Each structure stands twice: as C-alpha cells, then as structure tokens.
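J.: Okay, here's what each chain looks like letter by letter:
Number of protein chains: 2
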Amino acid sequence: MNVQFINPFLDSFLNVIGTMATITLTPGKPMLKEDELAKGDVSGLIGMVGEQAKGSLSLTFEKRLALKVMENMLGEAPNSIDEEVTDMVGELTNMVSGGAKKSLGEQGFEFDMATPVVVAGPEHHISHVSSGKKIIIPFNSLYGRAFIEICFEE
Amino acid sequence: MNVQFINPFLDSFLNVIGTMATITLTPGKPMLKEDELAKGDVSGLIGMVGEQAKGSLSLTFEKRLALKVMENMLGEAPNSIDEEVTDMVGELTNMVSGGAKKSLGEQGFEFDMATPVVVAGPEHHISHVSSGKKIIIPFNSLYGRAFIEICFEE
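Line by line, the protein sequences give chains A and B. Quick note: the first sequence uses our numbering, first residue 1, plus one each step. Quick note: the second sequence uses our numbering, first residue 1, plus one each step.
Don't read these hints as lab results, they were simulated from the structure. Mixed in with the good hints there might be a few duds.
Copies of the same chain are indistinguishable here, so a pair counts whether it falls within one copy or spans any two.
Stated by the list, open to error - No more than 27 Å apart at the CA atoms, straight line, and that leaves these computed lysine-lysine pairs for DSSO-like:
1) K39 / K133
2) K101 / K133
3) K29 / K102
4) K39 / K63
5) K68 / K39
6) K63 / K33
7) K29 / K39
None of the values given here were measured: they were computed from a predicted structure.
With the rest of the complex left out, here is chain A:
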C-alpha cells in the first residue's frame, strides 16, 4: 500500500473529531500491523472498491472516548454503547472515509464506498483480511484511545 493513502485518512479523522466533537486526538506513529492489535469497544468499518485497488477501513474507539464524542456532539451521552452511539460511529465512519475519498480523488485515486457497519462489544479486535499491507495508527486523547486501520490490496 502506497504511503500517500495513509495521510488522507489520518487528516480526515483528526478533522472530523476535532470539528464535530471538539476533541483533540494525538496521532501516534503509523505502523505496519503485524502483532499490533487495535482493541476497542465500538468500531465503524467500511469497504472501499476502486479500479486500482480495494480495501477496508476501520475506526475503533474505547468506550469512554466514544461516549465523550457523543456527549460533545449532542450535549448528552448514555452510559453504555447503545444504538444512538453505534449510529453516531456509523456516521463518523462515513464522514472520515468521505473526507479521505475527496482528498484521494484529487490525487487521481478514485474509489467507491460500501455502506458502513458498526460493531459493538467489549474489547473486540479487528482483522483486515487482505494480501495488502495493513496500516494501524493509534490516537491518544484525554478520554481514551482510538485506532484507524487501513488496508488496500492492488
């Protein structure tokens, strides 16, 4: 996977969470996912299909951070990951992938997105099944961690 694919997702995630929830995420170093695992409590996943490549994106949040994003966006948040929270994570997934799609399209790399799927469950982990490289980017915040994982195969 070309490194030029990574930054649009990273930038779009920082932008969406910063703008919508006024939460500053601090990105760690992007890593090739080998033994590294993103663990979290709620994840948004979306498939991407283009002429040049196809792949998948996941955004994984620890529960505390997901609830804080919800609180900042809507003024209040439930105590647990309920349907309102999974809907919000689905929308964030659309927004992050949409932002990256726009930016990558300007670089001549076009793809279409499938519809998002959200997974909720304590400490689940995600495996992207692909022959392509898997990139994981950890993010820290005052309210817990998040992870982006991106995988494209050509």
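Got chain A; can you put chain B on it based on the hints?
T.: Okay, now just chain B, sitting in the frame of chain A:
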C-alpha cells in the same frame, strides 16, 4: 431491498458450510432487522459496491460453531478464537459473498466486493448503517448458531 437478493446469500452460506465443513445449518425465517440482534463471538464483514446499489454483508458465528467449522475443515481446532480462526472466517466470508455475487450476476445484478474484515470478541453485535432494509437470517446447527445479515441501499 429486493427479496431476490436474499436467497443467493442464504444458499451460498448453506453450500459453503455444508461443503467445506460438512455441517448442516438449518435456516430460520429471514426477518427484517429491527429489534432483532445478531450476537456472536466472531463475524466476517464485507462491503459491496455496484452500479445499482451498495451494501454490506455480515456472517456471525457463536464460538462453538466457529471452532467446529475449523475442526471439520482442518482436522483440528484451537480452544479459542485465534488468528487461524479469524483467517478462516475471512475466507468463508469471501466464499459466501463470491457465491452470491456469481448467482446475482446471472440475474443481471452486478457488484464488486471490498476486502473482508473479521471481528472477534465475546458477544459482540453488528449494526449495518444504511437507509436500506436490513435482513437477518438465523441458522441453527448441532454446534450453535450463526447469522447472516444483509443490507443494500439503492
């Protein structure tokens, strides 16, 4: 979502599990997913993008059934959902969606598939985020339950 989209996924799932793992799954009635939730311990998810529609598919297995599929396919199985099991669920997801794609293509409904993503975690649940109808099909077996969920939006 047109009902003609459902049977190819159902048939493909029965066929893949029957052929690869010699396990007979008994399908329940397909239902519109409203309050109904598929809960399981390992799920394969894949995005689909076509000119007429886009959507998502998930296959969710209870742990005992996933390990039995593994044992029947490979002669042995671990005690927990490890990387070998998630890889197998990713492959099954490719096979089931590939079978349905072939069958739907013969009916003039073409789509491309993204790469699959597998989620592992005890009793997680899945939400397909889409304006389209969500269909859930439960399956019973001697070794536990599985669920297909399909969602397309036009």
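J.: Hints broken by the structure, by number, lowest first?
T.: Hints that this structure does not satisfy do not exist here, as all of them hold.
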